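**Q** Letter by letter, the chains look like this.
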Amino acid sequence: MRLEARVAVLARGVDATVSVGAGRTLAVLGPNGAGKSTVLEALADVTRPDRASVTLDGRELAGPRRRTAVPARRRGIVLLSQDDALFPMSVLDNVAFGPRSARRGDALAIAREQLARVGCEDLAERRPGELSGGQARRVAIARALAAEPRVLLLDEPFAGLDVEAASSIRALLRTLLADVTTVLTTHDALDAHTLADDVAVMESGRVVEHGTAADVLARPRTRFAARMAGRVLIEGTMRGGRLALDGGSSVPVEGGPGAGSRAAIAVHPAAIPVALDSPARAGAHAWVIDEVLALEPRGDHVRAHGAVVSADVDPALAATLAVGTRLWCGVPRGMPAYAL
Amino acid sequence: MSGPRWLVPLALLGALLVAAPLVGLMARASWGELWTLITAPESLEALALSLRTAVASTALVIVLGVPLGFALRAVHGRVRAALRAVLLAPLVLPPVVGGLALLYAFGRRGLIGAPLEDAGISVAYTTAAVVLAQTFVAMPFMVVSIESALAARGERREAIAATLGASRTRILARITLPALGPALATGAVLAFARALGEFGATLTFAGSLAGVTRTAPLEIYLARETDPDAAVALSLVLLVVAVAVVAIAYRPAAMRGVR
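Chains as they are written, first to last, in the working numbering: chain U, 1 to 340; chain P, 1 to 259.
One chain only, chain U, in its complex shape:
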């Protein structure tokens, strides 16, 4: 089931194009407020988009050639929302709500089977109010799968869960989603890494990068995508085996396009050491002088953003830094360069 769509919800500033191949998983990666949930809701027709073109396996569900869009219940696109939206009935009845096969006996059998797949068969008689957050999410997953979705939409599947529940559900989804066409939203590059074949990076309602997970996460083309992928994008121009940075220094790189082309390397900010004075030995790093533009506290470390490079520094060193401080940043030598 290949899904190709462009949806616009003007009131929320969203106009996004996404596509996902049959049986593949697309992660829509972006910060809170980027419009990820809106895209999913528009795909499922839970939110009525202002403009939409949705094609599922060559069949147009919404678009210029249709007078009216196919309604939610005939799309086969099942949305699993962040709030789980379990109905006020038993867990078993919740899961049995979905199966399209009409007979109730069959529906209950399918429901029990799906509950077993998510490890919740012993919760069948409970009411939604008697479930923990993790259990409710599992039941919602079972209900979505029981509906035999052509496309499954997961909105932030780990939101609001404690670390333990989130990691066990992440492992569960890895097996369950293997052959289901899925679009999931996340603000976490780890989810995109572990669950997705493809990644679309969203910024302010637009998809700014779209490609295979390996490509987008390892070779981001914009600073924004790099930040979402947990990397820092160092841009420059190729000069025979070296990347000449915009600040004037240069870094030896591996591969990359021909001389004179714009290129970049993507580096983990934690892999960039910093020093206040010129280091005595160059070692494995090419040292670049940069100026601190912003300091971003991130839990147990601080990310220092410069004009060219960003680096993670420990709080003790960060305490001596201020906006405008000149800093030596060690960019690893021989990182793979790619054309922008």
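Since the hints were made in silico from the structure, they are not lab data. The model shown is predicted, which means the values in this text are computed figures rather than measured ones. Misleading hints may appear alongside valid ones.
If the Cβ cut is set under 7 Å, some of the chain P residues that face chain U in the computed set are [claimed, not checked]: (1) GLY24; (2) ARG156; (3) ARG157; (4) ILE160; (5) LEU164; (6) GLY165; (7) ALA173; (8) ILE175.
Glycine included, C-beta positions come from ideal geometry on N, C-alpha and C.
Since the structure of chain U is already known, use the hints to place chain P on it.
**A** Chain P in isolation, oriented as in the chain U frame:
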């Protein structure tokens, strides 16, 4: 919030205004003969008719009022405001005006009544007219109750249910109506009480035919001079029902069925 102290005497005066008539009624009652008076043939006949018609009109109110509540949510802006004003008018309309209006709609020479008469169906001055009058005055309670309950809840679960492939009827039956349960109960109880107490519209549109259209309030009105003891006894029955209905319909939210 208890407010300034000068509210207290006013509140006491208000309470007196409401409670004194009720106490007066109870003081006038001949408690020894109460049971005999209530079980007298005329009283029993009137009470039975009241009960039958009130149940019938409550059923009609549920069947027609719930869809009306949904319809009111489905339209927007000025249309909704206008429709609401019309649908809720019986709430504040003098019942005798309602009865007159019903007469000119369903009476023998009424707008709808005349063609029905030609077809051999006569509504006015029958038990059906009593039910019609009671439904007319009681419907707004259900419409208001359903409309405000729909306004207060989101449509998220319904939307999710639709993505699971459920039809609109299935969503209504399995998700929306169960969630509206308390509102439905409140609307039905209030409508039942209003139907039971209906007097003006019934008298105008249905008359006062013993056993056919003479409900308990009409019987009380007729008996108040000829047999005040019977009138008071019947009144006490309706008073008990009224107090019970209010206790059920306006019970604090915390006491409503925990789901």
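**Q** Tell me, which hint numbers fail for this structure?
**A** 1, 7
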